[in-house]
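Asks: One-letter residues, chain by chain:
Protein chains: 2
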Amino acid sequence: MMRDLDYFFKARSVAVIGASTRPGKVGHEILRSLVEGEYKGRVYPVNPRAEEILGVKAYPSVLDIPDTVDLAVIVTPSKVAPRVVEECGRKGVKAIVIVSGGFKEVGREGAEIERRVVEIARSYGMRVIGPNCIGIFDSRTRLDTFFQSRERMVRPPPGPIAFLTQSGTFGCTLLEWAAEDGIGISKFVSYGNRSDVDEADLIEYLGEDPETKVIAIYTESVSDGRKLLKAARNVLPKKPIVILKAGRTEEGSRAALSHTGWLAGSYKVFSAAMRQVGVIEASDMEELYGISKALSMQPSACGPNVAMVTNGAGPCVMAADEISITPLKLAEYSEKTYEGLKRELPPYAQIGNPVDLTGSATSTDYEVALRHLGRDPNVDIIMPFFVFQDTPLDEGIIRVVSDAKRYGKPIVAVAAGGPYTRRQSRRLEREGIPVFQSPRLAVRAALALYLYGSRFICRGKKVNNN
Amino acid sequence: MMRDLDYFFKARSVAVIGASTRPGKVGHEILRSLVEGEYKGRVYPVNPRAEEILGVKAYPSVLDIPDTVDLAVIVTPSKVAPRVVEECGRKGVKAIVIVSGGFKEVGREGAEIERRVVEIARSYGMRVIGPNCIGIFDSRTRLDTFFQSRERMVRPPPGPIAFLTQSGTFGCTLLEWAAEDGIGISKFVSYGNRSDVDEADLIEYLGEDPETKVIAIYTESVSDGRKLLKAARNVLPKKPIVILKAGRTEEGSRAALSHTGWLAGSYKVFSAAMRQVGVIEASDMEELYGISKALSMQPSACGPNVAMVTNGAGPCVMAADEISITPLKLAEYSEKTYEGLKRELPPYAQIGNPVDLTGSATSTDYEVALRHLGRDPNVDIIMPFFVFQDTPLDEGIIRVVSDAKRYGKPIVAVAAGGPYTRRQSRRLEREGIPVFQSPRLAVRAALALYLYGSRFICRGKKVNNN
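Going line by line, the protein sequences match chains R and Y. Everything in the first sequence is counted per this note's numbering, starting at 26 for the first residue and increasing by one. Everything in the second sequence is counted per this note's numbering, starting at 26 for the first residue and increasing by one.
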């Protein structure tokens, strides 16, 4: 059986109302995404002044389509939206995405149109995403409602992260990051003015979605805090939720208001509530994506003690700074670990935290270090740093790091540079080891693994916090 | 006439002492960088057990080389360094880079060797960079002392940024970023343990270097604060200095000590001193590089008022948040600007700060907005945001933004995404417009333009701070 939100992602037929004959126009590009992409469902342009668009027969109204319509994508001006939505209702449409702007975000008149549209939709039992958004993407059915052409925006492969975003712009960014890294996305929703379907509905829905391992959210405002917290509480034991809240200040809040018609509200209250239920907060898009990536790839951490190993210690100094302002700690190794490292590593290695293998390090040196750190009960999280540019470091390193997964501890890696470094980083990520350019980001990701783990996963298990 | 530090960058002949026959070894790869790269000077491997390395005749000692030697790169174990440096002195070598570790960073014994090495070098009038570093790179002579092969680390083209770094790792990162962006580097020094040549020496030297427009520094510790401040004070009126200080906390400081043998000292004191003389601080590598990029490409700002224009406002909400915690302000446009924008922009545009042209925006809309903002005396800095993925935005946008340079105000752009967005961003950067993925970074760059401008450039000129 289809649940109501299923009709957005698994629609068997889609009408594009306001489809345009002119390339570059929003109503043309959305149709093109559906017709020329990998979506296998039936697609119907609606335009009273066109016979056909992109080789597909067009209809004057949704009512004229000789087929059931699961999903309607509306691109018409806001003024005609109530009439169009009414027709959708009469047609038996199940779900509506309104891409057009000109609603609540432009002021009172638009807000009134938006209110009427939702009222009409609800009277027919239809759900609405938007308006003022880029809509949805499902990585399995390949259904998307984007006016961003494939030449300009790469669609990601199926993957473990679901992304909900009030901003379509950040939506585009994260979709492309997940595509380029090969990490992938399960489901994506840009909800703009959030007139009907909200984060809470989507969190509950994604909580049941077997393809989604982590839920990442960008939001500027909250419509119904209590509902959001309830949904989060229900879903968090099953999968982590990471949230980035913008509009934290008066200035940001004002910008948010004209963006999606919502006042941002007190950030302090929001942040405290998130912490209380166990939602992980991110402070920018890089963090939102990076934390989600780590949570989707690595096991949780049951203690705060981080061990660093490196062939170039500058980034470890920054990581140590960052660790010291979080609940994480720099691990203090057992005697046995110290002795083992001393015995097996070459004399140039500096044995501390970090274990500094220096620029002369080989993959064998890393193997020794990872083995001792992996087996040390005082170590909860392993953070290997790499200067892949250093020529003594041989190609065996990928296997060595991948093999260290056997110790069952989360591994979060750091490496930054040009094409070769990126290639090596991708190879590590294909082995399930997340790699960060920035030590700060890696520490935040490690922290998230610890926060989620200690709260929801490790209860009863030993939690190192000595 | 050559100044003493010139011998590092413009050496006509280089000896690699400790050159190795074995590929992958540090002493082999450095020789390879010099022999197989674009460096045009004479190169001499020194190795008592080899006849030739990489097709170049080797000598048992630097004293056996039948030529003058400007620069010696030392890769031998630390224990033999005093003897090797003594021989360099007798040979008449002018400058020494010690790449090897095993000195101050490993403890008292190493520190004593380091002290003796410097004593010997000074007695012969030789300057020393290192030990425990990756040395130097000059983008004109193409001389480098890197053990990072060209297959693994791209060398940047000549460019406006000089980079001084205590960490070789961060050195590799920034060199490759500057190479990939096409921004380029003028001169580069990784100084590791900083036994002789320090940041102050290099700042004074780069102050006179016509190829260097901005000096970027990563440091974990300061050897002589007074000397550093004096050098900064001398050079700042000529060019900006941006600094990233790691080892800010006790934990970071401890990591710094085993990295380069220096205690990091109080960060608070450091930061206050930097602010007082007008050095701009960065909080991570992305910022250090981003701020330097903006300072090298754009004119300074003579006031704090930022105007944003966009075709997708999410990132503007985050930028507004960030602006509000800095001395920057959101510009309040003149009546004339409001009226002009209202008259000329399409009705869907939201006229405020940001000017939100929405996803339907074309380059013509941007032209209108940039013209009015560019001419408004209440606007000091223009921050255009782009969703290049949005298909209505035509390719004319590059020219439109480039033309906006005519208004004489700094322009700092924001765009994030995949291949197409990167291509468009590079095109903008070739026109001299820096583009940032992150709104936070763009705001920090704008702030640096204002801080440097208001302190060193705009005195006497009008400074907007109403």
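Just so you know, the hints here were simulated from the structure itself, not pulled from any lab data. Model, not experiment: these values are computed from the prediction. Just to be clear, a hint being listed does not mean it is correct.
Unchecked claim - Derived lysine to any residue pairs resembling SDA-like cross-links, with alpha carbons at most 20 Å apart:
1. R:104 x Y:421
2. Y:255 x Y:104
3. R:367 x Y:373
4. Y:104 x R:371
5. Y:104 x R:255
6. Y:50 x R:50
7. Y:35 x R:37
8. Y:50 x R:372
9. Y:35 x R:371
10. R:50 x Y:104
11. Y:50 x R:392
12. R:104 x Y:372
13. Y:50 x R:420
14. Y:104 x R:454
15. R:50 x Y:481
16. Y:50 x R:481
Unchecked claim - Which residues of chain R face chain Y? A partial, calculated answer using Cβ under 7 Å:
17. 205
18. 209
19. 245
20. 248
21. 249
22. 351
23. 441
24. 447
Don't be surprised by glycine CBs; every beta carbon is placed ideally from N, CA and C.
Asks: For every hint, state whether the structure bears it out.
Replies: Hint check results:
1. Of the pairs offered as hints, the one joining residue 104 of chain R and residue 421 of chain Y is violated, with about 31 Å between alpha carbons and a cut-off of 20 Å exceeded.
2. Between residue 255 of chain Y and residue 104 of chain Y the alpha-carbon distance is near 35 Å, which puts this suggested pair outside the 20 Å criterion.
3. The straight-line distance between the Cα atoms of residue 367 of chain R and residue 373 of chain Y is roughly 68 Å, outside the 20 Å bound, and the hint therefore fails.
4. Under the criterion of a C-alpha separation no larger than 20 Å, the hint pairing residue 104 of chain Y with residue 371 of chain R is consistent with the structure, at around 16 Å.
5. As the CA atoms of residue 104 of chain Y and residue 255 of chain R are separated by approximately 66 Å, the hinted pair breaks the 20 Å bound.
6. Between residue 50 of chain Y and residue 50 of chain R, the direct Cα distance comes to roughly 58 Å. Violation of the 20 Å bound is thereby established for this hinted pair.
7. The hinted pair formed by residue 35 of chain Y and residue 37 of chain R fails the criterion: a straight-line CA distance of about 69 Å is larger than 20 Å.
8. Taken as a hint, the residue 50 of chain Y and residue 372 of chain R pair is honoured in the structure, with Cα atoms around 16 Å apart against an allowance of 20 Å.
9. For the proposed pair residue 35 of chain Y and residue 371 of chain R, the alpha carbon gap of about 36 Å is over 20 Å, so the pair is violated.
10. At most 20 Å may separate the alpha-carbon atoms for a hinted pair to count; residue 50 of chain R and residue 104 of chain Y exceed this at roughly 71 Å.
11. A hinted pair counts as satisfied when its Cα atoms are at most 20 Å apart, and residue 50 of chain Y with residue 392 of chain R qualifies at roughly 19 Å.
12. Of the supplied pair hints, the one linking residue 104 of chain R and residue 372 of chain Y holds, its CA atoms being roughly 13 Å apart against a limit of 20 Å.
13. Between residue 50 of chain Y and residue 420 of chain R the alpha-carbon distance is near 14 Å, which keeps this suggested pair within the 20 Å criterion.
14. With a C-alpha separation of about 41 Å, the suggested pairing of residue 104 of chain Y with residue 454 of chain R is violated against the 20 Å cut-off.
15. For the suggested pair residue 50 of chain R and residue 481 of chain Y, the alpha carbons sit about 47 Å apart, so the restraint of at most 20 Å is broken.
16. Using a Cα cut-off of 20 Å, the hinted pair residue 50 of chain Y and residue 481 of chain R is violated, with the two alpha carbons roughly 47 Å apart.
17. Interface hint at residue 205 of chain R: satisfied, since its Cβ lies 6 Å from the closest Cβ of chain Y, which is below the 7 Å cut-off.
18. A distance limit of 7 Å between C-beta atoms decides the matter here; for residue 209 of chain R the minimum to chain Y is near 14 Å, and the interface restraint is violated.
19. Checking residue 245 of chain R against chain Y: minimum C-beta separation of about 5 Å stays under 7 Å; hint holds.
20. Of the supplied interface hints, the one on residue 248 of chain R is violated, with its beta-carbon coming no nearer than about 16 Å to a beta-carbon of chain Y, more than 7 Å.
21. A hinted interface residue such as residue 249 of chain R counts as satisfied when its beta carbon comes closer than 7 Å to some beta carbon of chain Y; here the least separation is about 20 Å, so the hint is violated.
22. Because the beta carbon of residue 351 of chain R sits about 11 Å from the nearest beta carbon in chain Y, more than 7 Å, this interface hint is broken.
23. Here the hint on residue 441 of chain R is kept, as its CB sits about 4 Å from the closest CB of chain Y, short of 7 Å.
24. Because the smallest distance between the Cβ of residue 447 of chain R and any Cβ of chain Y comes to about 9 Å, over 7 Å, the interface hint for this residue is violated.
Of the hints listed earlier, those the structure fails to meet are numbers 1, 2, 3, 5, 6, 7, 9, 10, 14, 15, 16, 18, 20, 21, 22 and 24, in rising order.
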